[in-house]
Amino acid sequence: MSRTSSGTITPVVHRHFRKNRGWRLFIQTVVGRSYPRVIGAQREKSWMFFEIFLPLMAVSAYVFVYRAIGAPEEYVGFVVMGGAMTAFWMNVLWSMSSQLYWEKEQGNLALYIMAPSSMIAILLGMAVGGLAMTGVRAIVIVVVGSWIFDVQYQVANYLQLFIVFMLAMVALYGMGMMSASLFLLLSREAWHISNLAQEPIYLVSGFYFPIKNLGFWLAAGASLIPLTLGLDAMRQLVFPAGETYGFLTVEVEIAILVIMSVVFLLGARWLLAYVEGLAINEGRLTESRR
Amino acid sequence: MDFAIQTERLGRIYKIRGGKKTEPKELTALQNVDLQVRKGELFGLLGPNGAGKTTLIKILTTLLGPSSGWAKVAGYDVIKDAVKIRPRINMVSGGESSGYGLLTVRENLWMFAQFYGITSGVANKRIRELLEVVGLADRMNTKSSDLSTGLRQKMNIVRGFLTDPEVLFLDEPTLGLDVGASREVRNFVRKWIDEDRTRTLLLTTHYMMEADELCDRVAIINQGKVLACDSPAVLKTRLQKDAIFRMEVSPLDGLAVEQFERLAGVRKVIHRPQDGYSALEMILEKDDVLSAVVNLLTSADKHILNLNKREPTLEDVFVALVGTSMEEVERASTQEVEA
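For the protein sequence lines, the chains are A and B, in the order given.
Each residue of the first sequence is one higher than the one before, starting from 1 at the first, in the numbering used here.
Each residue of the second sequence is one higher than the one before, starting from 1001 at the first, in the numbering used here.
The following block holds chain B by itself, in its conformation from the complex:
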């Protein structure tokens, strides 16, 4: 099998320096990550902020050394053969502000093309064509400092594709983009990979829908560990025998989520308070368990406003694997940082 990316027992520990008198703390960003991405795949890394996605991308793009294990990109070791990997890859990060504001869009892209040895004639032709595709051709001669966030991200996307890399890394490429611009970027990414199956694309995202819609395979990552890796469809079939319900009820004041989870057959309940009501996402072992949930609600004098049974999503897969929603993981890690 021809792999574009391979990792084995890959780990990364950061040393965080405190004050002069305190010992540096260790933060494990990646732990024993084993991944195999085939040539021609659009592979997704799905996980909350702080899960280790960006650390993994940095290692694969030769920007960061691993603390343990090894990684290969395009068949080359990221440490020993970094110079052989670099001409074959490129990376675009969401929200990046690379380039120079005083230069126009075309000039910025031309400059980056020079760092990859692309001659001016070819670079200018490709810049024109790619800007056309992402709908930025009319801004070719606009200074990049005058672009909106969305347009700037489109310029960054073009920078990544300009060198026609064998392996492209997109780190949260739709971060901060509006719905329309995100859709355009996703369409372009999918078409680019479909056009030539020797290309490989690794995408990190914390948008479930993006991973579900775009990726051939997805690795779900949390706290530096890969928890599952398969196609979105296969991952979702793991929950096929579960019953997934969304219920809207009158505000849950006085009722704790734990009370629901103590009921036999309830695997997980996520409570999202809304304006004037409570939304409950529930993973139940089977449909019959729903009656026990309804009984609990009615005994607490709560009213059911709406009830839907739905197909499992990647969000449900994440909840089943981690035990909590991605939103909650991010909220908890933000609180931890603030504390």
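So that you can see chain A by itself, here it is in the shape it has in the complex:
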């Protein structure tokens, strides 16, 4: 519609238009929901400080400690790589897991459920957007960290490295999608759980040291977080002495990551359907603050 000079309304040019369905709608939804993450988030310039400078400070602290105690030089590379991967963990913890809860608070969740697109596409959009945005931060941390501390890489197998990274991301963001539904059920408790999970996961996931040092059972438990195995395998593939510090062989870690990816993605789909059903039956999950 458009307003004429007399103030009356005339029909708009595009009154009857086609709306995509099926996979086209799915892709459009993923792109649409990833947009605020990729573009919107860049407008908040504080990310450079919180997501690059602060992780680099933590990396530096570990590097200085390792050098002071005369730890093998590979540990410096491990720390830089771990520092970069923490960005993904932070993103999943704070921007994926608790996201549906915030969407509910904002009043967006009801609009998402009511839209013809699937909720899994919405969640995937969040994940893709978060992955793209965090990828930039991780690359900056690796580049700057490697330059400052003179880290040398020697990739044994580029294909395996790519596969490990992608599987770790699929499994990690799949876990994030799954926990988004879980956190929605827990409502305000989600905030405390995120807080509670942050530091212990830093420790047991081996962001700043090889998890082999934790002993088999603790390392196996920590491997429930996909980044643990992903990071361990990547370290084995990019540092000549990495294999010595590896927890399991790269092939076994890849196999476990494949299983995790499938389980987490299916779990996310099932939990989302459960939450949507609960929202419709109980009517309490689509309430906004209003």
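Treat the hints as calculated values from the structure; they're not laboratory data.
This one's a predicted model, so the numbers in the text were calculated from it and none came from an experiment.
It is possible that some hints are incorrect.
[As the list claims (entries may be wrong)] Heads up, incomplete: computed chain B residues facing chain A, CB under 8 angstroms, no partners named:
no.: 1; residue: I1013
no.: 2; residue: Y1014
no.: 3; residue: P1087
no.: 4; residue: G1117
[Said to hold, decoys possible] List of simulated lysine-lysine pairs, DSS-like, C-alpha gap at most 30 angstroms:
no.: 5; chain 1: A; residue 1: K19; chain 2: B; residue 2: K1072
no.: 6; chain 1: B; residue 1: K1080; chain 2: A; residue 2: K19
no.: 7; chain 1: B; residue 1: K1143; chain 2: A; residue 2: K19
no.: 8; chain 1: B; residue 1: K1241; chain 2: B; residue 2: K1191
no.: 9; chain 1: A; residue 1: K19; chain 2: B; residue 2: K1039
no.: 10; chain 1: A; residue 1: K19; chain 2: B; residue 2: K1084
no.: 11; chain 1: B; residue 1: K1143; chain 2: B; residue 2: K1191
no.: 12; chain 1: B; residue 1: K1191; chain 2: B; residue 2: K1039
no.: 13; chain 1: B; residue 1: K1309; chain 2: B; residue 2: K1268
no.: 14; chain 1: B; residue 1: K1039; chain 2: B; residue 2: K1015
no.: 15; chain 1: B; residue 1: K1191; chain 2: A; residue 2: K19
no.: 16; chain 1: B; residue 1: K1143; chain 2: A; residue 2: K45
no.: 17; chain 1: A; residue 1: K19; chain 2: B; residue 2: K1125
no.: 18; chain 1: B; residue 1: K1236; chain 2: B; residue 2: K1191
Just so it is clear, CB atoms sit at the ideal spot from N, CA and C, and this is done for glycine as well.
With chain A held as given, fit chain B onto it using these hints.
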């Protein structure tokens, strides 16, 4: 008859959880609601806060399941065929804060258009045109967090119309808007429905004037029940044979409303204390009853400051049906919640 919305014996009971040791309480939000909204109608749901309007909209927009009865939108069952209903509907709520503050108005609207499968080219064109209509075109590239409440609501309104739904639900769309912005929204809503009579719009409001001015038909709802459903004009003719007066008198100290209501022929009296005087809204069976009211006032040494006879409004219809004003119902329910 082609119905856009149909409900039959529709009911909804909420279970409210107390502490761990207490049994959940049941709250009946809707009871046996039968509604039929024709295609092309601008239908209003009028009732106080807590009457069940939003619950009904949630059921019709597939966000909430009914506890009993059934509902159809655009010919489809809200439970069995929710996926067929969703591409055909949209909803805007008053005071909603949907979207993302970091995105501009255009970007937020574009994002929601993507969830409905509208291609970027069409979406951007429609966004521009609709923003023009609601007078928000100059703010297209403003971050939505920088918009005032009124402008933000205009953006929400555009979001609802952007997908050109067959059935649009507006839940208190003018809530919190100033007089001018409310008028603009009402004008736009009326023009949208008049432009194409295959569109249907269901509007909930607790503003009587809004329902009277906009709606083809109105259902008056209170405590989850539909009390009456017809055009505003027909609803008001129910009170045509009554005499409705507004009287301003010196403060009613010592005189209770019940004393007026005990007089023969007085159907309802509502007392609204004002600064320095009392306003009385009275529904009387006939004009002659007024003399008894005047006698009561003069015997209590009260002075009549002003007296008007007026045409019935939807407010009077509500009072006649419920026995109290919408304002009083809302006040009572607020006190109940606080207690």
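(message) Between the alpha carbons of B:K1236 and B:K1191, is the straight-line distance 30 angstroms or under?
(response) holds (24 angstroms)
(request) For the pair we were handed, B:K1191 and B:K1039, check the Cα-Cα distance against 30 angstroms. (result) Satisfied, since the Cα-Cα distance of roughly 16 angstroms is no more than 30 angstroms.
(request) Assess, step by step, whether the Cα of B:K1309 is no farther than 30 angstroms from the Cα of B:K1268, and give holds or violated. (result) holds (15 angstroms)
(request) Verify the proposed pairing of B:K1080 with A:K19, using a straight-line Cα cut of 30 angstroms. (result) holds (22 angstroms)
(request) Tell me if B:G1117 is really an interface residue toward chain A, meaning its C-beta lies closer than 8 angstroms to one of theirs. (result) Interface hint status for B:G1117: holds (3 angstroms vs cutoff 8 angstroms).
(message) With the threshold set at 30 angstroms, check whether the alpha-carbon distance from A:K19 to B:K1039 stays at or below it.
(response) Answer holds: A:K19 to B:K1039 is near 21 angstroms, not above 30 angstroms.
(message) With the threshold set at 30 angstroms, check whether the alpha-carbon distance from B:K1241 to B:K1191 stays at or below it.
(response) violated (34 angstroms)
(message) Does B:K1125 sit within 30 angstroms of A:K19, going by the straight-line distance between their CA atoms?
(response) holds (14 angstroms)
(message) Between the alpha carbons of A:K19 and B:K1072, is the straight-line distance 30 angstroms or under?
(response) Within the cut-off at roughly 22 angstroms; holds.
(request) Take the C-alpha atoms of B:K1143 and B:K1191, compute the straight-line distance between them, and say whether it is at most 30 angstroms. (result) holds (28 angstroms)
(request) Using 8 angstroms as the Cβ threshold, decide whether B:P1087 counts as touching chain A. (result) OK, holds: B:P1087 within 8 angstroms of chain A, min 4 angstroms.
(request) Double-check B:I1013 for me: the hint is only fine if its C-beta lies closer than 8 angstroms to a C-beta in chain A. (result) violated (10 angstroms)
In summary, the numbered hints that this structure violates are 1, 8, 14.
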